[in-house]
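**Student:** These two chains come separately, so use the hints to put the complex back together.
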Amino acid sequence: MAAIATAATAAVAAGTRAARAAAADDLIAKVKDKSDKVRAEAMLGAGKVGAAAVKPLAGAMADADFEVARAARRALWNLVRYVGRPGADDEKKAAVTELIPLVGESQPVAVRREAAWMLSELAGDEAVEPVAALLSGKDLREDSRMVLERLPGEKSLAALKAGLAAAPEDFKPNVAISLRARGVEVAGMPDKRTVGSRETKVKAMTAAELQEAAKAAKSAKQKKGKKQ
Amino acid sequence: MKNKVTLNRRRFLATAGAAIGAPLFIPSRVFSAPGKPGANERVTVALIGAGGRGNSLTREMKRSEIGHESELVALCDVDEKRLGDSLAGYDPGIMPYRDYRYVLDRKDIDAVIIATPDHWHAVQTVHAAQAGKHIYCEKPACCTIEEGKRMVEAVKKSKVACQIGSQGRSQREAYLAHRYLVNGNIGHVSKVWAFHYASPADNNPVPDSDPPPELDYDLWLGPLRWRPYNRKYLPGSFRWMMDSGGGQIRDRGAHVMSCAMWWMGADGTGPATIEATNLQFATKGVYDCCVNMTVTYTFKNPDWTLIWDQKGAQFNPDAPRGEKRGPGEEDISRPGYGAIYHGDKGTFTHWGGDGGTWAEKKAREWVPPAGFKDVYKSPGHFEDWFEGIKTGAKTIMNIEAAAGVANLCVLGNLSALLGRKLSWDQSKMEIVGDDEARRLMGRPQRYPWCF
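These protein sequence lines are chains G and U, in that order. Heads up: the first sequence begins at 568 in the working numbering, then just goes up one per residue. Heads up: the second sequence begins at 32 in the working numbering, then just goes up one per residue.
Chain U extracted, bound-state conformation (with noise of 0.2 Å):
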């Protein structure tokens, strides 16, 4: 546990105007507002990457119930008419930045929103920690074994609250299937069985060719090895590139699978083997993650499966479809994954898993009997680590979980990409008997966008 947090406010006054390489502009409702708490107890939040999901995020924030607690007043985003456009979206004052590394050396910030491609989550969220900075960085953690590693080294060394942003952990659903799972109502469980529909495929392949104006391609590849620009790399594509997203498995994977090292108890544990199988890659253009793909993931003492199955163009042909909800009840938004529990006294669905999550009716109705073991109702992601920021409580998704499940879908995808079966030392946190896919356990990075 960590100190309760110090913010950085009276540090800023006394050093305001000598930050260096960007003019700074606080606007003075920071420092107060009417009928709200005074300056000292709000977290002042930089937004690094302000696209779609960046943007949402902030607005969750902002609606959430610590929304009055925080204050944005930073944006950061290597495309210049997005970030000018996403500017044009809050309140005035906010100051705009291209390079994070200008966001980091604010001394008033005291939190940093990463919605970043994923190939720049390590890096940005090692050197926010570094700068102090508490962290909120979208899902997946890392794109590496080894960049997980250095996240927990950094967080734990810096003593900052990290929330990696896979949701479902904080749903109120999520927290009557866990309660539902734990109290033995299926019994042991010994498999579960995650479904989600395909990746895409590029079926409109173009040419590689020069980067637009407004976007700085470069800062965009940051710790990637140089390639040239392709139009189909982003915004929201680099999800099917497999070394800036990775596909469902690590997009989607990384929700659903959170909840079932979550609910399993397994955080911290690893599996013995990882096996992709069932594989399909796009026939042409630049995505080149797996379209379809089923990973095996063996765990051991105690023993059970995780399977990561990934096919059909809307729907996986052998999931379930989304449960008909009762009056009043919220509809399954995203029935096209989710997750199903094997227990030797019966099986236990849902669907989501990540911003929504919907359990199966009987978990929903399920009474607890005196005496029923409960577990951590989540007061929101958000909220979440906002308690981490104010008291130094462990966030329900930190780094070391979040780099846990991270890893499931690394290794997944490694699995499909080499074309073999992999073993894993989770004591070491390293694949076994596999020199080439030892090597790819890390990958260099870029200077200086590197740890």
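Extracted from the complex, chain G is given alone in its bound form (with noise of 0.2 Å):
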């Protein structure tokens, strides 16, 4: 971690486009070490490389090698909390920017949601319009909803009451939620939340049933403990 630490600091320190490049370049090749240790001083240290690394970071969440691609999440991650650190407005500023292209139809459904979530974090009304434009599709629009009732501000407000506007029937009362959440009284919607839905398949068991099944469970233990 100190090393990539130190390789952080003076990338911010010198302030120049190729240092802090160089810096993600660095983060990124431990992010993908085959050594989880080395991987987790990635993740540690990935605060202090900054916005420079949020969009290669997003990249290696796509890794094929699902350790790789959780390293890469979890240091995206420690990013975001490092720069919404207060007093670190610049940092914040410059971290929302690169997160906002991949809330985008370009990168992956797994990538845009998390993106999405750390907007949730960080972000004011730059990010509210391309977090609504999630509400438009099935995949996404429930986290849609989730980070605008989270992001502050008028702006995200209107987001949703245009989002409850324009969803489909089905969506309506998840909109609506969010917006009671915001203090916006919405009348007139089917609640769902205290209405059973999911039904289960087993039975109750009459005490014969349940001699059976003690039956049975004796017996799978004894022929168990015979093979052991």
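Hints may contain errors.
[Claimed, not checked] Some chain G residues near chain U, calculated using beta-carbon distances under 10 Å:
| no. | residue |
| --- | --- |
| 1 | 605 |
| 2 | 634 |
| 3 | 738 |
[Claimed, not checked] SDA-like mimics (lysine to any residue), calculated; alpha carbons at most 25 Å apart, straight line:
| no. | chain 1 | residue 1 | chain 2 | residue 2 |
| --- | --- | --- | --- | --- |
| 4 | U | 452 | U | 303 |
| 5 | G | 601 | U | 234 |
| 6 | G | 768 | U | 138 |
| 7 | U | 459 | U | 299 |
| 8 | G | 782 | U | 122 |
| 9 | G | 788 | U | 123 |
| 10 | G | 705 | U | 258 |
| 11 | U | 222 | U | 331 |
| 12 | G | 604 | G | 630 |
| 13 | U | 138 | G | 763 |
| 14 | G | 739 | G | 708 |
| 15 | U | 222 | U | 295 |
| 16 | G | 599 | U | 234 |
| 17 | U | 190 | U | 418 |
| 18 | G | 622 | U | 257 |
| 19 | G | 768 | U | 86 |
| 20 | G | 759 | U | 184 |
| 21 | G | 788 | U | 82 |
| 22 | G | 601 | U | 323 |
| 23 | U | 355 | U | 344 |
| 24 | U | 138 | G | 764 |
| 25 | U | 180 | G | 684 |
| 26 | U | 93 | U | 121 |
| 27 | U | 112 | G | 776 |
| 28 | G | 785 | U | 83 |
| 29 | U | 315 | G | 600 |
| 30 | G | 705 | U | 478 |
Calculated directly from the structure, the hints in this document are not laboratory data. Each residue gets a CB set at the ideal place from its N, CA and C atoms; glycine is no exception.
**Tutor:** This is the structure in structure tokens:
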């Protein structure tokens, strides 16, 4: 971690695009390393690399090696948490600028979903339009309205109101929940929150069935015991 | 104080057969049983979350002093196999459900035991309270600050009895420890050091996959934002994921720090600052909670410090080993966690803090002098809950106290996730001066699994 932090700190201090890109390359190489310890160091050091690492990390989130993909995802989250610290507005703004295109259709759904949630922690009005655009597709509309619920300000509220008006009937209650969470009264919406909908196929058991089940369990246990 | 509870049996009789979406079968023994109180004095209970912990709670309830006053009538689980297997371990006639909302819709059910993963506690508690059910919910109460607030509101409004499962407060030796401390035996306590071993790492990672056919994974996720299934997420391992469990600090912290808040008379108060340090995360796999962490909570007026220190494979290397117990005394079966209380006249140690709480010998042997200050002695965690149900008395781990303890766990994890110290305003119940942290005080929930 120390090596990454040093390279990253130097890059930030140097403030040059080339230095930042070099730190990001170094980070990605470590995120893709075969050793989980090296990957973990990269995860923890990602924050200091900053916005320059956002796009390459998003790319690594689609890596065929699921552990590399996880390390990249976690590194990007650590970066989001690092740039979100108080007093780091420029770093935060730069990261948000890089995160916004990641919710677009050119990215895999998994990346778009994560990027939207990352924006929910950091962004302001600038993220509302791209996130609200996700309301029109089935894959990410639920994430979209939840992220809009969290994004502060009037613009996200207006996007939710517009989203409610445009939503298909089956999705209107979802958007209404977000509006209510933001203090808006929404009347006349069907409410499924307390209405059961998932039936079980398991049936209540009679005394005789319980006896049978106990016998079967005992016999299975004995068989298992013999095998061992 | 709310009025004495009116059990729902008569309402059920008037409406039997009219319940929506599920057949009803109530065994005749619910209505009377030889040598036992009449039906109208029994509390009908449903278990939501019929896994290992849930089934152990119903057994505990049955064994307790109020066992004969309770009747389990329904089981609910999102895993069909587990539901069927659990059902086979009970009396005949108990109704199985996958969806807890059918349970809440049954007018003949008075109370629910919620033993689902942590991310379900708040939504199910709020919905149960809204349905007028009394609630026993596993700890920790909540996963976010906002969830805790909503639980408190809902329980207050519906006037139901709610007991959160930090049973440490109801243990005999917890009473002895509490009594020993409040009578000044170690003087003014300025520091409580809670020790625990590390959270596990996922050393055999597996890729995401399709969920098994018996599991309703969508329902398991419930309020959480959608993510692909991974078999390492459940059943018990939900504890090691930040959004569904939170690691040892939330799992056992909700026990050990519950004792600390109770014994320090600090329920209703909160820390001014929270700082997580000595952080170590897993290097691979899906478990994303801290493996090692130290969280320092500073309290003001009165000033004291609470430290949660989690490290070491089976024992925190800085922690005292379990005390050797005398003849006839129960051995300390869980010596890997507990706390040391530092006063200006000495120290006091306890081990455990949950269903097993063991106090240091000096508290066990302390003979109270005349005029000593006594403290509440819980008759047992279930017994205390039933007292709340029947009389309206506040439970020992009531929702306000439990949300306060859970907030400590939540804030410790937030500080760790964000990698920075947090400031907390207890009067407003909010984080101060950190926009990102403030946004993380709540999390939007998936519909319809929401408040």
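**Student:** Confirm or reject each hint.
**Tutor:** Hints and how they fare:
no. : hint            : result
1   : 605             : holds (9 Å)
2   : 634             : holds (6 Å)
3   : 738             : holds (9 Å)
4   : 452(U) x 303(U) : holds (11 Å)
5   : 601(G) x 234(U) : holds (15 Å)
6   : 768(G) x 138(U) : holds (22 Å)
7   : 459(U) x 299(U) : holds (12 Å)
8   : 782(G) x 122(U) : holds (15 Å)
9   : 788(G) x 123(U) : holds (22 Å)
10  : 705(G) x 258(U) : holds (15 Å)
11  : 222(U) x 331(U) : holds (12 Å)
12  : 604(G) x 630(G) : holds (18 Å)
13  : 138(U) x 763(G) : holds (14 Å)
14  : 739(G) x 708(G) : holds (11 Å)
15  : 222(U) x 295(U) : holds (10 Å)
16  : 599(G) x 234(U) : holds (18 Å)
17  : 190(U) x 418(U) : holds (14 Å)
18  : 622(G) x 257(U) : holds (23 Å)
19  : 768(G) x 86(U)  : holds (20 Å)
20  : 759(G) x 184(U) : holds (21 Å)
21  : 788(G) x 82(U)  : holds (20 Å)
22  : 601(G) x 323(U) : holds (24 Å)
23  : 355(U) x 344(U) : holds (22 Å)
24  : 138(U) x 764(G) : holds (18 Å)
25  : 180(U) x 684(G) : holds (23 Å)
26  : 93(U) x 121(U)  : holds (11 Å)
27  : 112(U) x 776(G) : holds (16 Å)
28  : 785(G) x 83(U)  : holds (19 Å)
29  : 315(U) x 600(G) : holds (12 Å)
30  : 705(G) x 478(U) : holds (14 Å)
In summary, the structure agrees with every hint in the numbered list given earlier.
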